[in-house]
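Student: With the hints in hand, could you dock these two chains into one complex?
Quick mapping for you: the protein sequence lines, in order, are chains A and B.
Quick note, the first sequence lines up with residues 1 to 403 if you use UniProt numbering.
Quick note, the second sequence lines up with residues 1 to 391 if you use UniProt numbering.
Since the hints were derived computationally from the structure, they do not count as laboratory data.
The structure displayed is predicted, hence computed values, not measured ones.
There's no promise every hint is true.
[Stated by the list, open to error] Below are the BS3-like pairs computed for lysine-lysine, each with C-alpha atoms no more than 27 Å apart in a straight line:
id	chain 1	residue 1	chain 2	residue 2
1	B	Lys151	B	Lys347
2	A	Lys339	A	Lys302
3	B	Lys347	A	Lys94
4	A	Lys63	B	Lys249
5	A	Lys92	B	Lys347
6	B	Lys347	A	Lys58
7	B	Lys294	B	Lys88
8	B	Lys325	B	Lys249
9	B	Lys322	B	Lys77
10	A	Lys92	A	Lys367
11	B	Lys294	B	Lys122
12	B	Lys286	B	Lys122
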Amino acid sequence: MAVSPVVTHEATSNVKVTAAKAKSLAVRTNSFPHKTEAPPEKKQGGQELAERLNHETKEKYVKDKKLGEGTYAIVYLGHLKADPLSKVAIKKIKVNTEYRDGLSMDAIREVKYLQELSHPNIIALHAVFSSKNQNLNLVLEFLPLGDLEMLIKDSEGIRYGTAEVKAWMGMLGRAVWFCHENFVLHRDIKPNNLFIAADGEVKLADFGLARSFSDPYRPMTYQVITRWYRPPELLYGARFYSGAVDVWSMGTVFAELILRVPFLAGNTDIHQLELICQAVGTPTEEIWPGVSKLEGYVGYEKASIVPVRGKDFYLARFGTAGPVGVDLLMSMLALDPRKRSTARQMLEHRWWTSDPRPTAKVDLPRKGGGLEKMGDDLKRRGGEVEDGRGNKVARKLNFGATK
Amino acid sequence: MAILTEDDLYRTSTQYRLWSFTRESLSSLRCTTNESAADGVRAALYGQKATEQSSKQDSNVSPTPEVDYLSVDEEQKLVGYYCIQTMKFADFCDFPTNVKATAVQYLKRFYLSNSPMTYHPKEMMPSALFLATKTENHYTSLESFVSMLPKATAEDVVAPEFLLTQGLRFTFDVRHPHRGLEGGFMDLLALATGKGQSNPKTGASPAQLQQHMIDLEPVTDRGKKMSRSAEEVVRRIQNAHSKAKELLKTSALLTDAYFLYTPSQIWLSSLFFADEPLARFYIDSKFPTQSPLKSTLLTALQTCATLLRSSASADPEDSEVKELKRIDKKLYKCRNPEKIDLVGINKAQKREGHEDGLDEKVIKKRKMEREKLEKEAEDIFGPALGVKDGK
Ligand SMILES: Nc1ncnc2c1ncn2[C@@H]1O[C@H](COP(=O)(O)OP(=O)(O)O)[C@@H](O)[C@H]1O
Numbered sequence: 001m002a003v004s005p006v007v008t009h010e011a012t013s014n015v016k017v018t019a020a021k022a023k024s025l026a027v028r029t030n031s032f033p034h035k036t037e038a039p040p041e042k043k044q045g046g047q048e049l050a051e052r053l054n055h056e057t058k059e060k061y062v063k064d065k066k067l068g069e070g071t072y073a074i075v076y077l078g079h080l081k082a083d084p085l086s087k088v089a090i091k092k093i094k095v096n097t098e099y100r101d102g103l104s105m106d107a108i109r110e111v112k113y114l115q116e117l118s119h120p121n122i123i124a125l126h127a128v129f130s131s132k133n134q135n136l137n138l139v140l141e142f143l144p145l146g147d148l149e150m151l152i153k154d155s156e157g158i159r160y161g162t163a164e165v166k167a168w169m170g171m172l173g174r175a176v177w178f179c180h181e182n183f184v185l186h187r188d189i190k191p192n193n194l195f196i197a198a199d200g201e202v203k204l205a206d207f208g209l210a211r212s213f214s215d216p217y218r219p220m221t222y223q224v225i226t227r228w229y230r231p232p233e234l235l236y237g238a239r240f241y242s243g244a245v246d247v248w249s250m251g252t253v254f255a256e257l258i259l260r261v262p263f264l265a266g267n268t269d270i271h272q273l274e275l276i277c278q279a280v281g282t283p284t285e286e287i288w289p290g291v292s293k294l295e296g297y298v299g300y301e302k303a304s305i306v307p308v309r310g311k312d313f314y315l316a317r318f319g320t321a322g323p324v325g326v327d328l329l330m331s332m333l334a335l336d337p338r339k340r341s342t343a344r345q346m347l348e349h350r351w352w353t354s355d356p357r358p359t360a361k362v363d364l365p366r367k368g369g370g371l372e373k374m375g376d377d378l379k380r381r382g383g384e385v386e387d388g389r390g391n392k393v394a395r396k397l398n399f400g401a402t403k
Numbered sequence: 001m002a003i004l005t006e007d008d009l010y011r012t013s014t015q016y017r018l019w020s021f022t023r024e025s026l027s028s029l030r031c032t033t034n035e036s037a038a039d040g041v042r043a044a045l046y047g048q049k050a051t052e053q054s055s056k057q058d059s060n061v062s063p064t065p066e067v068d069y070l071s072v073d074e075e076q077k078l079v080g081y082y083c084i085q086t087m088k089f090a091d092f093c094d095f096p097t098n099v100k101a102t103a104v105q106y107l108k109r110f111y112l113s114n115s116p117m118t119y120h121p122k123e124m125m126p127s128a129l130f131l132a133t134k135t136e137n138h139y140t141s142l143e144s145f146v147s148m149l150p151k152a153t154a155e156d157v158v159a160p161e162f163l164l165t166q167g168l169r170f171t172f173d174v175r176h177p178h179r180g181l182e183g184g185f186m187d188l189l190a191l192a193t194g195k196g197q198s199n200p201k202t203g204a205s206p207a208q209l210q211q212h213m214i215d216l217e218p219v220t221d222r223g224k225k226m227s228r229s230a231e232e233v234v235r236r237i238q239n240a241h242s243k244a245k246e247l248l249k250t251s252a253l254l255t256d257a258y259f260l261y262t263p264s265q266i267w268l269s270s271l272f273f274a275d276e277p278l279a280r281f282y283i284d285s286k287f288p289t290q291s292p293l294k295s296t297l298l299t300a301l302q303t304c305a306t307l308l309r310s311s312a313s314a315d316p317e318d319s320e321v322k323e324l325k326r327i328d329k330k331l332y333k334c335r336n337p338e339k340i341d342l343v344g345i346n347k348a349q350k351r352e353g354h355e356d357g358l359d360e361k362v363i364k365k366r367k368m369e370r371e372k373l374e375k376e377a378e379d380i381f382g383p384a385l386g387v388k389d390g391k
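Same shape as in the complex, but just chain B (with noise of 0.2 Å):
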């Protein structure tokens, strides 16, 4: 029987069997998406123009104008925006760097099965936070947390949960890659300082490994050998793990990475951005035969720094905050119009929920009532309009 490590725990994890996709699987997903919104968009128009129709009794209304819709980029430039909202006011909240992430990550799994025009972003986003206090164990009471929103309720916060943990499959786990970078980190600091285990493949000692640590192409000038100290080495692998964990921090979180890769790869790809000469060093140390899984793994890990180097930044610039005016005022125009109100819908669906406790007796009676009242309406306001224009 295996061993249990690490990646075979990580092969059991929802993030594996639920959020992990190819490219291309991933842009058919948010094909789909989009097209059943704009669909269900349509519906809901349709069905709106029509009860408008049939009360104006208006004989000459021109067929329900095709309305435009949100593209897939268009929703995933708002997500995206959102998302970097969402990591602001994490930030103003004082919370810590898990919940930040798990929060985001939250968003921008709900919205492969929904899209903006259906449920806003604006709206989901304290409700994807407040969750991740919760599952993060930030706890934080609702009213505390509503008291830092600058205008929302507490219902504002909580009707959407519902939504959000359906569209979230019920998986509350996200796995990141921090903490693999912090061991990295450890490990590439023994090494450095001559305490890492000596290599079980070719040999090579501590010592060894320290000195060849030592000269490593140095990051910018390319090619060219310098001989350093141990204790620059140090500071160069510090110097790598601040601007990697920053990576981790952003634009791993703002990109597709948690879709496209495992935690191990996002974080050695971080490095590898970092600084490349340590990072395949790193990789050397571990795998020090070259086999097809080897560079397998290099080729992941420089698409996936590719990636991570196209994250928008964390401030958008004028341009982009004119086109995402441009979108939201677009999706004004396009937004499904039942489900607008979320508090409404949560009261609603609650209240049916009700229903179904309560005994026969109590729905018969409602019902009775329910009758009799409609009965009188009718014998105040005359039949209903559709009851006449039907015959």
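Chain A on its own, in the form it takes in the complex (with noise of 0.2 Å):
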């Protein structure tokens, strides 16, 4: 399994029948896991087949303590039976509290893309199971390093440069290709999203706002993505929209990265459309065609007008990043989501290949310490002060809206 296009320079053919395609089309797997899970012992008091496999999940893996809680969820940290020395997350999620319409939205967007997606820089969900409680359990990979949020903040400890932001920008890059592959939005790129393995490794993390873009002709929320890393056609209440909205949430992270502030941290909805004006440009009909048709495009008076900053601008604020660096920056800031790189063209920059060349993961700095060390202030995440978790309320109030 590929896990990034850039890795062959082959291009991916979009033709529908491939050589590949046929020879998985001929070939049907042998390793159907009911016909190997035959019940041994047959009677057991009418208990059903899937109550059955749910209970052996359930039984292979024990909870042990709480490692934090989280809007929807309790996390713990647990281990399988079978090897005490193993580390999961168990992702306890509150089923039957105030959502009164049976299972939420978000837990079942996490676990629905979640059971789908499997790359080395998406957070692995190894299993599912439900406690006799009626709670959904998320057995998850354990990230015991915290998120990039933490080691962006922590400017006094941390030192980093280019060739880590390159190493994190890559695996983020990575991560949202595949998802867009799969024809996945994530809708919630940010720092504190961006979890880091044992290992160093990038894990995208939080699928609570995901879904699918299969079909073009559907249209779809805007109150989508956390403020500071929402793209203009969503401040704009666009309802048709790309993977081009996660591309423009990558390039706020890439950006966040090198100042190591939030790059575009609105207060309201209004504040940020004016800080992209200014640190990118105003959208207007003659860079962004049909950008006025916008339900919620703001007309802007011509004296107000700033034009579309120039390279010249971005090196000035980012020129660690190399003119190379600024030059990728700049294709995923493009106001107009068609121009906007793709995911695959942000891989596909010559950024990459060029000087420096990314840290190797196992080198990348990391927290110290691990959980014990941390303290409250850092796991706290941004843009939680003044709105708790992005738009949580908002988005919970607009599930009817995406019809």
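Tutor: Here you go:
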């Protein structure tokens, strides 16, 4: 399985039937789980096969201490019963609390997409089981070294340069490319959703807002992505959008890695747009044909229009990335989503092959001391101070609007 | 390293990993499920009889009569009927095709490891459809969903959800063949209008490919070569497309196609069914040279097309309805009595769950209260019957 389009320089073909496909069309696997899992003891007081499989999964793991608590889940450290040295994170989703409509959309999305996406830069979902109180438990790979936000913020303790940024951005880019290749939009890319594994690998997590985008004619909600990382088309209320939204978020993460403070930290959606105009340029019909037709587009007075920022402007702020790096950053922050680079184009950019080479993941700076040493302030997530977990409330209220 | 093609991706999907079978493994799984469900019913009925007997203290009660259980085939018919009902209801609610198709697959997947003798499809159906609205991003509030149901409460919809997700083994993604068909349709149209790509192997130019299509034998009059215009070919493709599309919306969902074939195989088979010469032309344009792979593919497409043809019609005939009624009547006698009240089971499980989280003190207190109540009960009604008999 390819983890990046750049490993081979052959273009991935979009042809519907390829040689590789013919092979898998013709060859079917024989390893069907059900067949081999035929029950040895049939009688179990009417326990159905599904119930038994669930029970078996549940019995494989042991919950240890609590690691943390999120908005809709409690996360525990756990291990495989058969291997006490193994470590997993068990995320117990509070299913039956305040949400009356059964399984919540966050939980469904997270489970649905993580079940399908297996990639070194996407958090691995090892198993799912329900405990008898009907809570859903996600057995995730244990990622002990915090998230990218902690590293960015710890400007006293952690030093890094372009080579490290390149390594992190490369891993993020491959994760997002893989999502898009699978027709999945993540829609919440930000530093604190980028966890770090024990070996330094970056792992994209939190698929609670993800969705597939296979049907281009179906409108989608624009109330997604934490504001600081939200692209202009969503701020203008676009209902038809693409992988370009995630690329914008990656661009802002890239900028934040260099600046070591959030690049565009708006207090309100209006303020966010103002910041974008200042830092990137004012979206107008000339540079972004069709933008004025978006529902939330606000006209700009001639005098206030900021021309699209040129390379020099970026070099002044992001000079450490070098001219090639700045070129990549600019392509990710194109205002018109159609002109923005795709995840694939981003990975094909020559920045990755130009000097300096990306730092090997084992040599990447990391939080020392692991979990215990982290202060509470470091655990707090960006953007959380004023509006909770992104626009958590807004996103809940807006599910009805996704139709 | 391999290039990432659509089929490499398919191999990592849960549909491939957990929900793909051979005919043999599929039928053996269904047998196992049927047998263990029957065992469950037997155990539950026996348990019931035993308590009835002890309470009636009737000394000469005959042993539990052997119950006539549903056969795998009967289970299948019943589930199939409720799949059709699900589709009708989804249409009534104006849900998009993917919601409808996913809901039907959820039911089919659920009943691979569960029997209608344990959970009646009538009760699982609304839950499956509601879950599909959520997983397919067509979220409708429970309230408005319930308002569209003839006679069900919000609890009836949500109570089986937990069982359903467990039966689905917590995999919600269903890969449908519809998108593939649309892609193939576009490809064919491009070829028919001379805008296709020239064939890399045979070197046939777009114009030659177009002519080739014009010369294709017609669908009905086999063997008779007719020369037609490019416009007629386009119309032919459109006809085949709508016929294939219809098939994907009905028999592809109702048969075991999703369990046995990949989405690409299914849509190619539907094209095969709709217009075989056109399908063969398309496949030849993709695999110009003979190979074992190609012949295996063609065989798979033929068996899949046969399967698609075999599907029960969406409107059952009188005889089928009669049969369904018979099965449902039979089911009435062999249902697992312990699993009928799904709302009640759901509540009980949640209660149990809450006790998980209670601290020791509360549990202890409750235990004492319960013991006290039991004591009082004993005082009032005398010792429990079992105790007396047990001596
Ligand atoms: N895979 C993991 N490995 C280690 N710790 C984790 C993992 N997932 C989550 N955590 C910890 O649990 C906390 C809560 O996680 P989560 O529910 O995902 O948070 P949120 O709802 O804020 O996104 C996190 O802040 C983190 O400290």
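Student: None of the hints should be skipped; say for each whether it holds.
Tutor: Here's how the hints hold up against the structure:
Between the alpha carbons of lysine 151 of chain B and lysine 347 of chain B the distance comes to roughly 20 Å, so the proposed pair stays at or under 27 Å and holds. Using a Cα cut-off of 27 Å, the hinted pair lysine 339 of chain A and lysine 302 of chain A holds, with the two alpha carbons roughly 23 Å apart. Proximity of lysine 347 of chain B to lysine 94 of chain A is assessed by CA-CA distance (about 16 Å); at most 27 Å being required, the pair is judged to hold. With a C-alpha separation of about 44 Å, the suggested pair lysine 63 of chain A and lysine 249 of chain B falls outside the 27 Å cut-off, and the hint is violated.
Only pairs whose Cα atoms come within 27 Å are accepted, and lysine 92 of chain A paired with lysine 347 of chain B is accepted, the gap being roughly 20 Å. Taking the CA atoms of lysine 347 of chain B and lysine 58 of chain A, the gap is near 21 Å; set against the 27 Å cutoff, the hint holds. Of the supplied pair hints, the one linking lysine 294 of chain B and lysine 88 of chain B is violated, its CA atoms being roughly 38 Å apart against a limit of 27 Å. For the hint linking lysine 325 of chain B to lysine 249 of chain B, the alpha-carbon distance of about 26 Å falls within 27 Å, and the restraint holds.
Taking the CA atoms of lysine 322 of chain B and lysine 77 of chain B, the gap is near 12 Å; set against the 27 Å cutoff, the hint holds. A hinted pair counts as satisfied when its Cα atoms are at most 27 Å apart, and lysine 92 of chain A with lysine 367 of chain A qualifies at roughly 26 Å. Proposed proximity of lysine 294 of chain B and lysine 122 of chain B is contradicted: the alpha carbons are some 43 Å apart, above 27 Å. Restraint check for lysine 286 of chain B and lysine 122 of chain B: not satisfied, since their Cα atoms lie roughly 44 Å apart, outside the 27 Å limit.
Checked against the numbered hints above, the structure violates hints 4, 7, 11 and 12; every other hint is satisfied.
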